[in-house]
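Taking the hints into account, I'd like the entire structure generated from these sequences.
Here the protein sequences come in this chain order: U and S.
With this note's numbering, letter number 63 in the first sequence gets 63, and the count goes up by one each step, no holes.
With this note's numbering, letter number 334 in the second sequence gets 1334, and the count goes up by one each step, no holes.
Source of the hints: derived by calculation from the structure; they are not laboratory data.
Watch out, some of these pointers could steer you wrong.
Under the rule of at most 35 Å between Cα atoms (straight-line distance), these lysine-lysine pairs were calculated in the DSBU-like manner [as the list claims (entries may be wrong)]:
#1 S:K1304 / S:K1436
#2 S:K1437 / U:K382
#3 U:K437 / S:K1382
#4 S:K1450 / S:K1196
Some chain U residues near chain S, calculated using beta-carbon distances under 10 Å [stated by the list, open to error]:
#5 W255
#6 F263
#7 R292
#8 S355
#9 F369
#10 A393
Distance ranges between label pairs, derived from CB positions [stated by the list, open to error]:
#11 S:R1360 / U:K437: 25 to 33 Å
#12 U:E398 / S:R1360: 23 to 31 Å
#13 U:K395 / S:G1388: 28 to 36 Å
#14 U:K90 / S:G1388: 41 to 49 Å
Since the structure is predicted, the reported quantities are computational estimates derived from the model, not experimental observations.
A virtual CB, placed ideally from N, CA and C, is assigned to each residue, including glycine.
So the chains spell out like this:
There are 2 protein chains.
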Amino acid sequence: MDVEVVLQSVLQQIHPTDEERVFLEGLMDELESIAENTIESMGLDVKPHFVGSLAKDTYLAGDHDVDLFLAFPLDVPLEKLREEGLNLGKAIAEKLDSHEIAYAEHPYVRARYRGVKVDLVPCYDVKSWSDVRTAVDRSVLHNRWILENLQGRNDEVRLLKRFLKGINAYGSEIYIRGFSGYLAEILVIRYGSFIKTLENADFMLKQKIIDPGNWLKREHEMAMKTVRREAEADRPLIVIDPVDPRRNVAANLSWEKYGVFYFKAHKFLENPSEEFFFPGRQKRGNYLSELRRKGTHLVTLVFKKPEMVDDLLLPQLERSARGLEKALSREGFRVLAWNTGYSRGTAFIMLETDSVVRARVKVEPGPEFFTERGQNFYRKNKRVWIVGKRLYAEKNVEQSITEVIEALLRKNQVSTGRGIRESVRGASLLVDYVPKKMEEEAYLLLSRKKWGLKG
Amino acid sequence: MDVEVVLQSVLQQIHPTDEERVFLEGLMDELESIAENTIESMGLDVKPHFVGSLAKDTYLAGDHDVDLFLAFPLDVPLEKLREEGLNLGKAIAEKLDSHEIAYAEHPYVRARYRGVKVDLVPCYDVKSWSDVRTAVDRSVLHNRWILENLQGRNDEVRLLKRFLKGINAYGSEIYIRGFSGYLAEILVIRYGSFIKTLENADFMLKQKIIDPGNWLKREHEMAMKTVRREAEADRPLIVIDPVDPRRNVAANLSWEKYGVFYFKAHKFLENPSEEFFFPGRQKRGNYLSELRRKGTHLVTLVFKKPEMVDDLLLPQLERSARGLEKALSREGFRVLAWNTGYSRGTAFIMLETDSVVRARVKVEPGPEFFTERGQNFYRKNKRVWIVGKRLYAEKNVEQSITEVIEALLRKNQVSTGRGIRESVRGASLLVDYVPKKMEEEAYLLLSRKKWGLKG
Chain U
1 MDVEVVLQSV LQQIHPTDEE RVFLEGLMDE LESIAENTIE SMGLDVKPHF VGSLAKDTYL
61 AGDHDVDLFL AFPLDVPLEK LREEGLNLGK AIAEKLDSHE IAYAEHPYVR ARYRGVKVDL
121 VPCYDVKSWS DVRTAVDRSV LHNRWILENL QGRNDEVRLL KRFLKGINAY GSEIYIRGFS
181 GYLAEILVIR YGSFIKTLEN ADFMLKQKII DPGNWLKREH EMAMKTVRRE AEADRPLIVI
241 DPVDPRRNVA ANLSWEKYGV FYFKAHKFLE NPSEEFFFPG RQKRGNYLSE LRRKGTHLVT
301 LVFKKPEMVD DLLLPQLERS ARGLEKALSR EGFRVLAWNT GYSRGTAFIM LETDSVVRAR
361 VKVEPGPEFF TERGQNFYRK NKRVWIVGKR LYAEKNVEQS ITEVIEALLR KNQVSTGRGI
421 RESVRGASLL VDYVPKKMEE EAYLLLSRKK WGLKG
Chain S
1001 MDVEVVLQSV LQQIHPTDEE RVFLEGLMDE LESIAENTIE SMGLDVKPHF VGSLAKDTYL
1061 AGDHDVDLFL AFPLDVPLEK LREEGLNLGK AIAEKLDSHE IAYAEHPYVR ARYRGVKVDL
1121 VPCYDVKSWS DVRTAVDRSV LHNRWILENL QGRNDEVRLL KRFLKGINAY GSEIYIRGFS
1181 GYLAEILVIR YGSFIKTLEN ADFMLKQKII DPGNWLKREH EMAMKTVRRE AEADRPLIVI
1241 DPVDPRRNVA ANLSWEKYGV FYFKAHKFLE NPSEEFFFPG RQKRGNYLSE LRRKGTHLVT
1301 LVFKKPEMVD DLLLPQLERS ARGLEKALSR EGFRVLAWNT GYSRGTAFIM LETDSVVRAR
1361 VKVEPGPEFF TERGQNFYRK NKRVWIVGKR LYAEKNVEQS ITEVIEALLR KNQVSTGRGI
1421 RESVRGASLL VDYVPKKMEE EAYLLLSRKK WGLKG
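Here you go:
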């Protein structure tokens, strides 16, 4: 299929309509007045700023959360900013439809207005990176830089973002570790278009450093420190933030997500199609047939989803899966792959293993035979023998993988996420069976379609 | 039980009777005359020497092979010694009951006379170690040194030899790697008695060097070279041969056999009994019950015993077992222990494994994804995914251990003994079953009684 035809068709679906635009502009005007009036009535010296993809006009049709940042002067102490910022947010939100308090580095108000989510986030009114005091302060600078440099390539950004979503590589959250929207914008600015960004998938990895703000000239020492630090951390890309030489915009990008982008970019260029942007729901399959085909087993821990936000919960589930993988491998069970997540109130850790039973005994290596410890080992064990200088003994062990996992958890020999340890300990263990609502996740894991690298 | 009572009872069984002594002395006199007459009639300048435990009077009752060495002058060339030695042996043997040719470093005649085995071995008539030219030349020197130093402690040697036989640690053959008779004699000379030798089991291992010939003073450089070489080879003991400073009498002693001696010596001193000298036939057990108890599996390769002497065959069987252990572990099967040997014309390699089936797929690690090889790996494989920078793929593999072993042998991926490679390749594979005649060996392996370290 012709690439231009594909892109045009995709754009028709992701470019906001005129009605949408008019609605959003009206909404933002309204919000701005409400904010300004509230600020004035409270006698505060605060500037409201719209940031994020809406303000940058790089949002996808239908996908329009409003980020309204409330910028306080730099001389306001942090404690006061937290307090007054939250109060101001609440005061504004009271004029909207509904709201709740959300927590990031500091608390902020998450409101809804006319069906749109509106985040009211206090920050400092910084002029440059050296003023930055809290994590959100940079957003205003990002916004300004993109607006100055994008020069009408907004639709190219939209295509790239939709492509990244389609291949499941979008989002810099800790449990995704993909491309952020800001990173997508910078790539389009750097390479000129969506297609050119794909064409450079290989090159950008090899060149490694992208420096659109020219920091390596302007602030060489500072920028080099960033480069060295990030190279040390072995990131796939180092994109020096054009508004802050201390920061790698791609710091959260994992090799895995870069890898997906890398292969899909090649594939798209070879054979463009809308599928990349809007993958049909993965063809459903039967996880039990996969188990039969592979001769492997699926061991699933299920437990009530702990009350935690994804940012905390999902990394802890992953850590627990890794902990189980390691502990089971010490016990002689190989974990071929794992999957974690939750479905309607039930969290799960799925482990694909090579077997679910083992011998009832294992060989325990002991000390060298001619030592004090050797004598003890000899006395203590019923069946002992020598290989080389070392004593060995037979040790009785649990035979089924569920008994093994239960014993490991009971003896605290699995490194789990700290916040979910008790939940994992109390998990039910399912072997070669999952509840209906997890069948698809089981299939995606076993078929490896979860990684989406092929087909 | 009182140790003296035990030793007296054992001695009664192993000390030759007067009748036996009279018979053997008569036999040796007769053989000496026959040899001398034959030498004279052939016009040779050869001295007949009796060597071995009979000549040293350290043989066990009923265990009396005759070693008659035919010592040629040093100026006879090796080729001539081989030829004339063999001819002389044949000429002597013709006056005995029967004979055949046997092969060691050079061929010799193995005869029988009045129900006793008589080895007729040509050698050089050496006066000291510096004259030694063939491996057997030292025997005459050994014999002389023991006769000069044993000073009536012959029964102590008998006790030690019988003890070593009882605990299965006697014999320096390559497939046994235990204590030789000569080593047992030296230990008794060094420590004074059977009991003192046991009491020093720990001490001799720690002290490491035994130098009854005082070579470290008399030939310091030469002896130190031996010590360094043998220490480098990490032998449990270094016993500098009292007749040759270049040689470690314990060079063939394995850590395993030393270990058995070590534990059994302690146990005997704690609780002396005749059992150590004459272990009842290991209590027979059922190998199938052992398999059930342990939840392990027994995979046995059986094939026609190749026509080879034990010295060659047994080490090759062991090497093949080790090769299979290694290859199977690469394939995900753990070998807990193995046993090799032959029984009435059938050789076997038994492997105790943790399982006999595995998953039908395995995870194959590929190259880093952003390389040329990564691209190929991605194209070549159906199911691929990324962990870190590396690609992984699913690979179909044989599921049953018999298929795996057959494939490994077919593809030449097992290091086997060279001389038995074809036999091993053609082996039949038995799983959790052995022929009747191998049942006891299977039981000894699975119960670990084969190592005889305990009970």
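Enumerated hints in conflict with the structure, sorted upward: none
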